[in-house]
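2 protein chains.
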Amino acid sequence: MSQDIYDKIMMLSKRRGFIYPSYEIYGGVAGFYDYGPLGSRLKQNIENLWRSYYLLKDNCVEINTPTITLFEVLKASGHVDEFTDLTVDCKKCKQSFKLESLVEEGKDIEKAAEDGKVKCPNCGAILKNPYPVNLMFSTKIGVGTTRDAFLRPETAQGIFTNFHLLYRYAREKLPFGVIQVGRGYRNEISPRQGTIRQREFNMAEAEVFFNPEDKTHPNFESVKDNILFLFDNVKEMKISMDKAVKDGVINNQALAYYMYLTQDFLMTAGVDPKKFRFRKHGDDELAHYATECWDAELFSERFGWVECVGIADRSAYDLSSHIDSSGIDMYALQKFDKPKVVQVKKIIPNMGKLGPKFKDKAGKIKTVLENMEVKNSKNIVIEVDDEKIKIPNDCYKIVEKKEKITGEKIVPHVIEPSYGIDRILYCLLEHSYVETKKKGEEYKLLKLNRIIAPIKTGVFPLISDDKLLKIAKEVDKKLRDAGIATYYDEGGTIGRRYARMDEIGTPFCITIDHDTLEDKTVTIRDRDTTKQIRKKIDEIISYIKG
Amino acid sequence: MSQDIYDKIMMLSKRRGFIYPSYEIYGGVAGFYDYGPLGSRLKQNIENLWRSYYLLKDNCVEINTPTITLFEVLKASGHVDEFTDLTVDCKKCKQSFKLESLVEEGKDIEKAAEDGKVKCPNCGAILKNPYPVNLMFSTKIGVGTTRDAFLRPETAQGIFTNFHLLYRYAREKLPFGVIQVGRGYRNEISPRQGTIRQREFNMAEAEVFFNPEDKTHPNFESVKDNILFLFDNVKEMKISMDKAVKDGVINNQALAYYMYLTQDFLMTAGVDPKKFRFRKHGDDELAHYATECWDAELFSERFGWVECVGIADRSAYDLSSHIDSSGIDMYALQKFDKPKVVQVKKIIPNMGKLGPKFKDKAGKIKTVLENMEVKNSKNIVIEVDDEKIKIPNDCYKIVEKKEKITGEKIVPHVIEPSYGIDRILYCLLEHSYVETKKKGEEYKLLKLNRIIAPIKTGVFPLISDDKLLKIAKEVDKKLRDAGIATYYDEGGTIGRRYARMDEIGTPFCITIDHDTLEDKTVTIRDRDTTKQIRKKIDEIISYIKG
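Respectively, the protein sequence lines represent chains A and B. So the first sequence is residues 1376 to 1921, counted in our numbering. So the second sequence is residues 1376 to 1921, counted in our numbering.
Hints listed in this document are in silico derivations from the structure and should not be mistaken for laboratory results. Check before you lean on any hint, since a few could be wrong.
Chain copies aren't distinguished; within one or between two, either way the pair holds.
[What the hints assert, rightly or not] Heads up, simulated SDA-like pairs for lysine to any residue below, C-alpha to C-alpha not over 20 Å straight-line:
| hint | residue 1 | residue 2 |
| --- | --- | --- |
| 1 | 1713 | 1733 |
| 2 | 1450 | 1698 |
| 3 | 1831 | 1427 |
| 4 | 1911 | 1863 |
| 5 | 1515 | 1455 |
| 6 | 1515 | 1558 |
| 7 | 1911 | 1892 |
| 8 | 1753 | 1691 |
| 9 | 1852 | 1431 |
| 10 | 1853 | 1921 |
| 11 | 1920 | 1859 |
| 12 | 1853 | 1920 |
The following block holds chain A by itself, in its conformation from the complex (with noise of 0.2 Å):
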């Protein structure tokens, strides 16, 4: 059977250490996957590159919590009824499939069920009756009274959780950002898609918090005249950020502006920029808690187009839902520039009522009275001590009055750019992958940015001779000592040598030969011209960094 550039990649990642299939030597199991030596530094490196956008660019502090998460989170955030997709059973082979994977992507997929078109993949039985399953990894904490859990299907709700925090952190200006970058979990029914539809994968994520009325994003004007490639699901368009959200193509100035920001961001990793775009979602295809998502999606030969980015306005759905279900006050005070005169109503509690009638818990309600809206005037019911008390029509009177206020409460929106970093980085494998012939015989190449590039040089004496070793030694540890990933090899031709290191996308190669004893030069190779220059030795680092 002839390998698809998938199977390629994936041989090369296996022999190489980028890629490993988790648990192997136990048979294995679909949607895991384990990064090798090369596989993780690579990796390090995308998020590093990452991370230098939003922390330095964009001013965003990073916070880490739990991949654990309580179950009253994710029942707030709408993860425990929500996150779901439709599954069909196959009586016969017992096995289970998302509906989704067995019906031709555009058509109605309950339709298709209900009509009996679907079929199961292995034994060609009619599959019908599809129910949602969760698809979060469940656990509990404890022992004995036990907390039910669920491992984060993203990172997001860390950041929410802690918002009143962060906004104190940040000093109570808006808007401002948290990343985080960590591990997320998604129990996916069948995967059938390699690295790409993991069970448990590398997000990075950032929630940008605005105010509702202002999401103009303050580096805007700078970046504004720069082309989005866009797909609105019927056609596609080069336009510029400034022109989008003024035609109303994206919805506002913070959304195209972290569109800008992944699109840089993924050409500066070195994405083929003929196999991007911005895909948006269509309104069936949102997210529970989101009113617009953009995806970035990478082209795959294997895959076609994969959402490896979505940048959602998730709105104030988070924050709003775990003020609900918490009872916490996480809103953000905004202050305004000069204090404003408003018409507001106010109880005032008649206490000659309130205290025969209710006795010592006539003071609470009296607080619980003057300080709550007002939002009709009749039928006040409110809550003192976990109990629901009725007040009567003439405990009370509403007043209408002048008051000056400095500020007022509102919950922020959110929006959140998230990566998944390992389809990125499959995608990256992918797009400089190349295959030529040297001397009648395949030859391998990985054209990877030097950013990323999880070696960036190969040192080798040119023959196994002490002298030359020595130095070779010496060099490789000043690169290493100033940060430079470097791969010391003194074993074969030098052919050989180069082959090896293109092979992994090591952008360069160092040589220690006979005339560096003389004048303290090296020749460096350069992977895709394949030309060689010498250099003295104190100028490689300079010469590397770029």
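Guided by the hints, dock chain B onto chain A, whose structure is given.
Same frame as chain A, but now just chain B:
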């Protein structure tokens, strides 16, 4: 109630953004903590310092494997059967407790329970009948036909299950080391030690593979005169690494070397040398996989001596178990310097007998017989196509012959330094926390080492003057672009701004004043001496990087 140092640090941590108790808005749950913006940086700095020891000094490679781990892996590793705590339930107040936590240190815990000497800390009832409870969080992979899994109790198994691939990556040379940094999980029964005993924690582990016959370390010679501070549960001793190994206090060079590396790392991170020791595990406390283990312990005013690092000799335990359980060849082939001639027993199959007797299976049987190791010459039973077959004596003969072999298959031994990052982080906060008075008022400082401090320098315009603000922002950007974490602050008096930085352990504060406009110099204030010096703007970066 008076606060102890732990309470004070946790209050500071929450207020300033180091550590937040997780899920507090939903009432919280013991054993889970979030790292806020400063804690997250502090943690990352500790981890990166650690990486510099293992990746640069010790030449290890890093990998990343899933936290969700197949049942089969943890069954083989012994965790399913051995990773337990004795638990007692209180029938009266329906709570469960870890037996060990209720018995005085040094006492026989099982006997104490038998003798009715263990009381419920809540209601005083006698607690009896302890039973083992597995401490792994369990979950299930998939829908319908599920597979059992656990959250990993250590990152190590992800390394062991890839040993054969990693050994190939290391070009089949011993010793070589592999590290992993990430989450570990332990479903504690009733954790009551705050950030010291977390249910989800951050680990950094190295698994270094040695030839069992040769546990020397290539770097040992150059550091062997360093003094280690050891405690063998009876007496304390200060002893050189060299002498400790020669006298058999520490079993081998490899253990001693990683103890030294640990000590050097902790001191560089800023541990108080007076609050540091290595303690040897007694036979009764060794983990099920260890033959010898030394803990690096740090002293905490609240918690006493805290185990922060374990340096264990795991011998061949894990690799042997996985070879046995999976049947995969994970041996290391060690080539001899020159080939050896050995006497071997070989089976010569007799096809004239095998053919008629076993028909189409005879060929397969022949291959198995020729390749098997001969233990006894009679009663040979082999397995072909899942069927056990007894081979009659007349179907083969056994000959002894000389054979030249170039190497031998061995199961490497593992030396494992395993670090609890959260415990180290907390102890560093405690060791650097200083309370003093300033102008009659309480004043708090964190004397964090420069290398791990989350913010390296504050950047302050002296007053709110447009010209000063402009330069201050430029200086701030310049530092950030050079990878130096800064905190820009224009609010409040300089004294207040210094205080804010002192409290979070920022070693330097840079102030831009009117002289800056004249001569491009700024003041740099040192946290610990409070002395100020003037430096040119161009000199700041190298000064702060030290």
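Contradicted hints - numbers only: Going through the list in order, the structure violates hints 1 and 8 and respects the others.
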